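Residue numbers (numbering that gives the first Met the number 0), protein chains in the order written: chain H, 0 to 291; chain X, 0 to 250.
Please keep in mind that the hints were generated in silico from the structure rather than gathered at the bench. Treat the hints loosely; a few may be bogus.
[Said to hold, decoys possible] Beyond 12 Å from chain X on every Cβ pair, some chain H residues (computed):
{"#": "1", "residue": "GLU135"}
{"#": "2", "residue": "GLU190"}
{"#": "3", "residue": "ALA283"}
[As the list claims (entries may be wrong)] Here chain X is said to cover these stretches of chain H; the calculated rule only asks that three of the stretch's residues, wherever they fall, bring their Cβ under 8 Å from a Cβ of chain X:
{"#": "4", "region": "11 to 20"}
{"#": "5", "region": "149 to 157"}
In this text, all values refer to a predicted model and were calculated from it rather than measured experimentally. Here a beta-carbon is modelled for each residue, glycine too, at the ideal position from N, C-alpha and C.
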Amino acid sequence: MALTLVFAEAEADELSQQAGVFAAGLGHDLQAIAFDPSETYAPAAWAQTLVGLAQERGATAVVGPGTDRGNEVLAHVAAKLDQPMAANCTSVTAGDPVTVVRTRWGGSLLEEARVHGAPLLLTAAPHAVAAAPFAEVEIVTVTDAAGELDRVVRVVERIPASTAGVSLADADVVVSGGRGVGSAEGFSVIEELAALLGGAVGCSRAVTSAGWRPHTDQVGQTGTKISPEIYIACGISGATQHMAGCKGAKRLLAINPDGEASIFASADYAVIGDLHAVVPAISAEIRKVRST
Amino acid sequence: MNILVCVKRVPLTGGKITLTEDEQAIQTRHLGFTVSPHEECAAEEAIRLIEQHGGESVVLTLGPPEAEEQLRDMMAIGIDRAIHLVSDGGEWDPQATAAAIVAAIEADGTAFDLLLFGNESADAGNYQVAVRVAQALRRPCVTGIKAITADGDSLRCEQEVAGGRDVYAVPTPAVVTVKEGINLPRYPSVPGRMRAKRKPLSASEPTRADARLEMVRLVLPPGSSKQAEVLGHGPEAAPRVVEILQEIGVV
């Protein structure tokens with residue numbers, strides 16, 4: 000029977016398990032491959048190792064998670080084999096050629112595409128399917144076939160996140176401000192609410208362009224993508240570039256004076272009003288609830 | 000230090016995407032165009048590195064004749080010259096795109112120490128053109144970088160990961176893709192815009208190979224207009240908001 004190799008970032012990694020469920024749609028035998036935790040990340044060397052395994056076993060497909068590392072490793076596999084690779088697929092239909100649906104614009108748009116290549120190389124868009132544990136994960140180390148050029152790029156140091164404050168990417172609550180905040184000083188109400196909720200402050204591109212917040216605070220498709228329990232977007236209109244960055248949020252509360260703002264189309268909860276009045280009222284209410 | 004920055008002309012999509020009737024493209028009749036935000040950052044990074052270390056910065060795009068506008072924009076903020084691979088505006092798949100870029104780099108003949116890209120194109124999001132270019136030219140490649148420091152013949156590159164930052168030491172010549180947030184791109188000045196008009200631009204028309212990742216049609220995702228629950232108007236909504244926050248368990 001045909002074989003699909005699934006590249007797993009780690010044995011129990013949720014997005015890699017989703018890639019496994021996604022790959023099962025091809026109807027092949029599945030073999031999950033993860034690198035030994037003692038191996039520092041080395042994208043090209045990992046790809047060369049996967050290429051070796053795929054060739055040795057005659058794999059008809061190699062699938063990875065649509066994460067930074069999944070896409071990077073699969074891109075190296077594709078370049079090494081000179082085969083096409085479809086990134087961030089939400090579904091796959093076997094056939095000749097195989098067809099996929101994949102995301103564009105950070106998920107704001109979908110594309111149906113034909114993949115003319117073998118082995119089939121895909122990554123699975125995050126959260127397109129629910130995760131399920133792998134039957135078995137084969138743990139591998141970097142193969143000797145990885146040459147000097149493959150090995151030269153590897154992680155040489157890990158700088159831990161500062162313990163002061165919560166990082167935007169890891170926060171359970173993100174309170175963000177957009178153009179509607181109006182000024183750098185206007186962010187004090189956003190900061191206050193974020194602090195009360197133990198969350199991080201984010202912002203839109205308009206805000207960093209205006210110089211009101213550092214660019215490291217920016218949430219967006221090509222910047223920091225976030226996945227909090229709740230995203231509170233204040234005075235943000237909802238440009239696709241921004242929305243692609245907060246798609247991972249479990250819930251979205253939008254506060255905007257314009258009831259027609261496009262952000263409400265993506266929101267779970269809406270408050271129609273001026274953030275300068277609404278946000279301090281929420282902070283006051285939280286204090287009131289906590290003091291009783 | 001010589002640096003090539005690769006950018007792509009994409010529509011400014013605003014809040015809502017609509018498609019052309021044949022479902023082959025985004026309806027851009029009422030839209031402006033730009034380079035992807037993180038590619039602006041790539042150009043800014045190139046300019047800063049050259050301000051520090053000297054050398055030449057070059058911008059390259061594969062795109063329709065109108066993409067000259069984006070090349071001039073990049074030269075207006077300080078890029079020295081441009082290479083325009085003029086396309087018919089149709090879709091080039093990642094392999095064809097990478098092959099055209101590799102051919103253009105070889106034809107240009109400059110010994111680039113660094114090739115900078117956005118981590119992915121804002122529109123197609125294939126996450127692979129830079130890696131393919133790097134593999135074809137046999138250069139090391141790091142992706143998704145948020146800080147670059149040049150140190151002799153090596154680049155210290157930092158990548159944001161869960162729980163911190165991973166650091167790579169990459170020997171040059173190298174290929175690096177960046178994410179937005181690596182810097183804050185400068186705005187073009189009026190004299191900068193004037194100078195950009197006179198900076199050298201070389202144009203050629205590469206031949207497009209058959210797509211091996213072949214786009215059939217574009218589809219708007221379902222459920223992209225969900226109905227938000229209106230919790231209220233103005234500050235009177237606060238108690239209801241806090242109830243929701245309590246339900247979620249963050250208060």
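Hints and how they fare:
| no. | hint | verdict |
| --- | --- | --- |
| 1 | GLU135 | holds, 25 Å |
| 2 | GLU190 | holds, 16 Å |
| 3 | ALA283 | violated, 7 Å |
| 4 | 11 to 20 | violated (count 0) |
| 5 | 149 to 157 | holds (count 7) |
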